[in-house]
Amino acid sequence: MNAKAIRRARKSVQTIGVYALLIVIAVITIYPFFWTVITSFSGSGGIFKFPPPLWPTSPTLENYVYVVQNVPLVRYIVNSVIICFFGVAGSILVATLGGYPLAKMEFPGRDFIFGAILATLILPNEAGLIVNYITTIKLGLLKSGPGQYAAIILPSLASTIGIFLMRQAYLAIPKELLEAARVDGASEWRIWWQIMIPLTAPTVAAFAILQFVAFWNSFLWPIIVLTDKSYYPLASGLLDLQGQFATNTRAVASGTVIAMLPILVVFLFGQRYFMRGLEGAVKQ
Amino acid sequence: MKLRNTLIAYGFLLPALVLMGIYTFFPIVFGTYLGFTEYNVITPPRFVGLENFRTLLGESYFWSGLWNSIRYILVVPVIQLVSIAVAMLVNRQLPGIGGFRTAYYIPVVSSFAVVGLMWGWMYDQFGPVNFVLKTLGLVKNPTNLLLNPALALYAVMFVTLWKGIGYYMVLYLAGLQSIDRSYEEAALIDGANRWQVFWNVTLPLLRPIILICSLLSTISAIKVFEEIFVMTGGGPAGSTYTALYFIYSKAFQDFKYGEAAAAGLVVAVVSLFFSILNFKYTRGGQIS
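From first to last, the protein sequence lines stand for chains A and B. Numbers in the numbering used here are just positions in the first sequence, counted from 1, shifted up by 84. Numbers in the numbering used here are just positions in the second sequence, counted from 1, shifted up by 353.
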């Protein structure tokens, strides 16, 4: 065997090793989801057994029917959709507006404001939850239906990451473009709306996905702040479901699958933007 | 003209400043003040000086919780090392590599509500984790890992690790891809082996990202709460009770907001201390 063949053989052994490792890690990250899906479709028999089943025992949809009939699941889903829609739209508006002067205008206090916004990423704020709870009560937000949604959304609307991402995106837009528009007498609002927003659309998309995931997944704040469970988003409702049907793992598993599905769809279709948004957050 | 410009700039910033003022900056100030008061939401806060801190000294649950939160920092070096290793593993051109990256990222986009429930099942007495441990001969009589006071905290830590790896992997991947290949190639030509290149070239160049990542994960380790809330509720026998759990139950179960805020201040100081330590150990993220 000549040297070239040896090198090629070594290379392919290495590639096989890499794939083996990649597959092992993938099994560890995916298996809990796989187990949950299987359980949600299982009709009967023990769920916990050695070895764990690789296919639903007597496959059925009845667990899904059961949760939909016994839990206000549809209501939770509607709540989640409302929270996500206004939460994502609102946080995009706040971030796209706020990032613009920080990137492209000169005014006293700019660097201080930007520094203060960034500092919130590191400054410990362990009592934040308590004070925000008090603020929510004092604002009287829990007295009406729309108010309850607002109570959930408002604290997360101004996103530091979002303002930072938008500022970075605006900075990349050439100065000449802006100056030409200003010379032509365009107002800052028009420049923002007609030049800045269209040119930063990919970043806006990335941030939108980031926020969608965050709003869809948040469960703790609604549980703390809401007294009326009928305004719970799906993730909070899921935990309530676990409390009620702790012994019916199959039913809880189907609720879990339903809670996971929209995230997976959005993430798989938008992951290119999503990853870029995440990377943009570290690259200065 | 200049004044007009300034007003317009602040007009753009207004929504962000108002919301952050109410929900981010005000809590820092008011939360600090609350720590020195007695408060029940209904009547105005009553200043009590250091009374809350004195009460805290006698609360054994607070100290064991704080100790568990500090122990939770053990996750940080593990999560960073594993994430760097995984990032290097997926930082190559191979068919299907994008699919693997996606698979590793799915836990990151899942809610802790979902993740906590799933891992509760994984750790069941006859669940998949015990099946693996038994097959490997590591346990003889399987028990639910979350009900074992000696193991529960580590079991929850593993879930934090499992959910976090994908996140830091993406950040490290971005870092690795921004490294100029010529540094590594030059070292290889000079006769360094792969390990030396990694240790002496790649790792120092990653230092700014290592700083960001370990800082973020240290801060969230001390604040660990969601996974514990969903999976163990602080049990069994207080073995997974953390500092934030103490704050949560003081405020929202005992309605002692002043004492909860005081506990929050102590945790904030501890958190700052570990952040500074982080800066020191990564040499402020400086490359050389």
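These are computed hints drawn from the structure, not numbers from a lab. Quantities reported herein were computed from a predicted structural model and do not represent experimental measurements. Treat the hints with caution; some may be incorrect.
The calculated lysine to any residue pairs, modelled on SDA-like cross-linking and capped at a C-alpha distance of 25 Å, are [to be verified]: (1) Lys313/A x Gly229/A; (2) Lys355/B x Ile279/A; (3) Lys188/A x Gly199/A; (4) Lys609/B x Leu223/A; (5) Lys633/B x Thr204/A; (6) Lys222/A x Arg424/B.
Here's how the hints hold up against the structure:
1. Lys313/A x Gly229/A: The hint holds at about 12 Å.
2. Lys355/B x Ile279/A: Holds: Lys355/B and Ile279/A sit about 23 Å apart, inside 25 Å.
3. Lys188/A x Gly199/A: Holds. Lys188/A to Gly199/A sits at ~16 Å (cutoff 25 Å).
4. Lys609/B x Leu223/A: Given that 25 Å is the threshold and the Cα spacing comes to 20 Å, the pair holds.
5. Lys633/B x Thr204/A: Given that 25 Å is the threshold and the Cα spacing comes to 20 Å, the pair holds.
6. Lys222/A x Arg424/B: Between Lys222/A and Arg424/B the Cα gap is close to 37 Å, so the pair fails against 25 Å, i.e. violated.
When the structure is compared with the earlier hints, a violation turns up for hint 6 alone.
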